[in-house]
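**Student:** Sequence:
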Amino acid sequence: MEVSSIKPPRFRARQYAHNNRLQRKDNNFVLDFCQPTFLQGCHGKMQFLDVGCGTGDFTRDCLLPRCLPCRRIVATDWSRDMIEYAKEHSAHVKIDYQQLDISADITDFLRRNGQFHRIYSFYCLQWVKNQDVALKNIASLLTPGGECLLLFPASTQATVCWRLLAKMDRWEKYSERLLAYIAPSQDMDKQEQIDYMCSLLKDAGLLPSIFATPRMATFDGWREEDIIGLHMSIVPINQLVSDDERKQLHDDVRAIVRKLHGPETDQSRFRMYIIKASKSKG
Numbered sequence: 001m002e003v004s005s006i007k008p009p010r011f012r013a014r015q016y017a018h019n020n021r022l023q024r025k026d027n028n029f030v031l032d033f034c035q036p037t038f039l040q041g042c043h044g045k046m047q048f049l050d051v052g053c054g055t056g057d058f059t060r061d062c063l064l065p066r067c068l069p070c071r072r073i074v075a076t077d078w079s080r081d082m083i084e085y086a087k088e089h090s091a092h093v094k095i096d097y098q099q100l101d102i103s104a105d106i107t108d109f110l111r112r113n114g115q116f117h118r119i120y121s122f123y124c125l126q127w128v129k130n131q132d133v134a135l136k137n138i139a140s141l142l143t144p145g146g147e148c149l150l151l152f153p154a155s156t157q158a159t160v161c162w163r164l165l166a167k168m169d170r171w172e173k174y175s176e177r178l179l180a181y182i183a184p185s186q187d188m189d190k191q192e193q194i195d196y197m198c199s200l201l202k203d204a205g206l207l208p209s210i211f212a213t214p215r216m217a218t219f220d221g222w223r224e225e226d227i228i229g230l231h232m233s234i235v236p237i238n239q240l241v242s243d244d245e246r247k248q249l250h251d252d253v254r255a256i257v258r259k260l261h262g263p264e265t266d267q268s269r270f271r272m273y274i275i276k277a278s279k280s281k282g
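Residue numbers for the sequence shown follow full-length UniProt numbering, so the first one is 1 and each next one is one higher.
One or more of the hints may lead you astray.
Claimed, not checked - Distance condition first, Cα-Cα at most 20 angstroms in a straight line; then the derived EDC-like pairs of lysine to aspartate or glutamate:
#1 136 to 203
#2 259 to 226
#3 87 to 101
#4 136 to 195
#5 129 to 195
Hint data in this document are derived by calculation from the structure and do not stem from the laboratory.
Work the whole structure out from these sequences, hints included.
**Tutor:** Shown next as C-alpha cells:
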C-alpha cells in the first residue's frame, strides 16, 4: 500500500478554532440529516472514531451528544499541536484525543485501540493526497458491518486561491507547498467526481448508502473579513511566512477573495462529498 510522503499543512490551532464556523455549520447539517439513518443505535459498549478532529470543540460540543450512550470517542488529528490544543480546551471524559495520520500505516493505532463501530470524518480527507489509502484504512478500522460518515470538499474555492497565490512572484518560493494540497477531484466535473469517489469506495470495500455532491456553501451573509479569516486559517503557508510576509499574504488573499466570492465566479463548480457507507459483515 502506497503511503504519501506529503504531510498535511500545519495550522495555528487558536486561529483555526476562531474561523471554523463554516465547517461547524456544514457538519451539523449533515449530522442532523444522516445520524438517524445509522442501522445500529448507540449503546454503552460502542466506540467511535473522529478522523480530523482539529481543535476538538466540534467533537465535544456537537458530535459526542449525538453518539451517547457510548464507551468513548477516539478523536484524532495529524497535527500534534491540534491534539494538544484539543486536550487542553475540549477535554471530556468520553473523548480520547490521539495523533493519527489516516493515510499512513495504522497498524499500531489499530493494535492499541481495536476496531470502531462508527467512523466520522469532517473536512479532513481533502487534505489527503492518497485518498485511496485513507479510505482503505477507514475500512480496516471499522468493525464488520460498521459504518462511516464522511464530509469533505470535492472542489473548493480555497484551492483556487492557492493556485492564484502560487502564480505570484512573491510567493513563488512557496509554490510547491501551495500546490501540494489540491485534491485529485478539484478539476473534475460533477460526474467525474462521482465516478472517481465511487471507484475508491468500491476498492476499499465500503458500500455507500448515502452519496451526494451538493454545491459547497457560498458564504451568503458572511462579512468579507470572516471569509478572509477562514481562507487565512487554512492557507498551507500560513505557518511558514514571516510576520511581514503574513501582512502581504493577508492583502493578497483579500484581493483574491473579492474576485473568487464575487458574482463573476460560478459557485456551482464548488461541491462537497457527503458519504455514508458501511463495511460488509463478511
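**Student:** Take the hints in turn and mark each one as holding or not.
**Tutor:** Here is how each hint holds up against the structure:
no.: 1; hint: 136 to 203; in the structure: holds (8 angstroms)
no.: 2; hint: 259 to 226; in the structure: holds (15 angstroms)
no.: 3; hint: 87 to 101; in the structure: holds (18 angstroms)
no.: 4; hint: 136 to 195; in the structure: holds (17 angstroms)
no.: 5; hint: 129 to 195; in the structure: holds (18 angstroms)
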